[in-house]
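Trainee: Below, each chain spelled out in residue letters.
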Amino acid sequence: MRFRIAALLGIITLCISPLSIDRQEAYGQSTQVDSARAALVQAFVSVQEADLEGASPAQISQLADNLNLALSYEENATRLGSNFYANQSLKLSNSASLEAQSVANAARAQTVFDQGSAYSLSVVAGFGSALLVLEFHRLNDIARKIRVRRIRLE
Amino acid sequence: MVPRRVIVFILLSASFSVVYSSIAYYTLSKPPAQEFMAWGVFSPGGSLSNYFSGSEANVTVGKSLSWHFAVTNRMGSIQYVQIVYRLGNSTSASPNATVSGDAVPQLGNSSIFIPNAQTALMNFTWSIASRISRGGLIFLNMAINGKQVITSVGAVGGQRFRFFFELWIFDVASNSFQYGYKVQNSRVGVPLQVWFNSL
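Sequence lines, in order, name chains A and B. This note's numbering applies: residue 1 is where the first sequence begins, and numbers increase by one. This note's numbering applies: residue 1 is where the second sequence begins, and numbers increase by one.
Hints were generated in silico from the structure; no laboratory data involved. The beta-carbon is built from N, C-alpha and C at its ideal position, and this holds for glycine as well. Hints may be right or wrong, so weigh each one.
Here are some of the chain B residues that sit facing chain A, going by a computed Cβ distance under 7 Å [said to hold, decoys possible]:
id, residue
1, L12
2, F16
3, Y80
4, F113
5, P115
Okay, derived cross-link-like pairs now, SDA-like style, lysine to any residue, Cα gap no bigger than 25 Å in a straight line [claimed, not checked]:
id, chain 1, residue 1, chain 2, residue 2
6, A, K91, B, V172
7, B, K182, A, S61
8, B, K30, A, A38
9, B, K30, A, T31
10, B, K147, A, R79
11, B, K147, A, T31
12, B, K30, A, Q115
13, A, K91, B, N175
14, B, K30, A, V112
15, B, K147, A, N76
16, B, K30, A, Q110
17, A, K91, B, K182
18, A, K91, B, S110
19, B, K147, A, T78
20, B, K147, A, L69
21, B, K63, B, G146
22, B, K30, A, A109
23, B, K30, A, G116
24, B, K182, A, Q42
25, B, K30, A, Q101
26, B, K182, A, E49
27, B, K30, A, E53
28, B, K182, A, Q115
29, A, K91, B, Q82
30, B, K30, A, P57
31, B, K182, A, A38
32, B, K147, A, G54
Chain A extracted, bound-state conformation (with noise of 0.2 Å):
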């Protein structure tokens, strides 16, 4: 009784653990597709981001090629069901993020130099034209000496 009561048990067991592998599989794939679509989003997010810091045109349209590549990725994953197109996703829009981060911060530090540059001189140019409006006279001065010798070298 025992024996047909356990040999009963393990048919069902066997009946039914394909289907739960089947689920685990299909809950693997979901996770991995969501996985890839949140890691294309915050991809996306950094690299607005380095675009809004003001990286060049040429790096901003190279990085949203690799956007689209891993979208494409994702969208393969969605309908095939593919954990291989998920992972590919995943992949190629972390590398893009971290690009995206680097070219951010390569752009903030540019723009800080420009505009510390750009107030420098303007500073710099203050004093000097404030120096050439008092001194202007002592030009005069010197440009009248110059003439005068030039006069008596004939």
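Take the given structure of chain A and dock chain B to it, following the hints.
Mentor: Same frame as chain A, but now just chain B:
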């Protein structure tokens, strides 16, 4: 007592510096620009007309039509754009500048990332695989960009179907696509529609 000459020098320096800094600020600032998205649905000939290669907007079963969308981004930064397509009939509520055509079921969508000041092209190839007659209406079994779709909106005699095309933009704050593009504190929807009859 500070000599008068030094005071004049400081005042002059400050004045010149302010003028030059203003010039620097003007040069470094981005010029103001109106942000917008522009788009259109183009026929195989690349025009905004003659979608059916004939004077009538009739589409026979099995005839494949290759249109494309051209979307221009002038929002000042890269955008994540989605085009949503729906099929309605003559009585369906149309999307407008503020409301999307949510009442009409979606047939599908296509997404793309578009850098600022660039125009992206997206294919829209479709055909009618078969016509299904039910309750006095004709429903369509369509193929759009290689995907099979059975429409849930029918039309009397298969006449006066309408494609609705909507532009949705990804909004980072809400982490979702939103209808239309953002202008200051509001959104502007720019829907398109193309009429056709199925034969």
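Trainee: What are the numbers of the hints that this structure violates, sorted from low to high?
Mentor: 8, 9, 17, 28, 32
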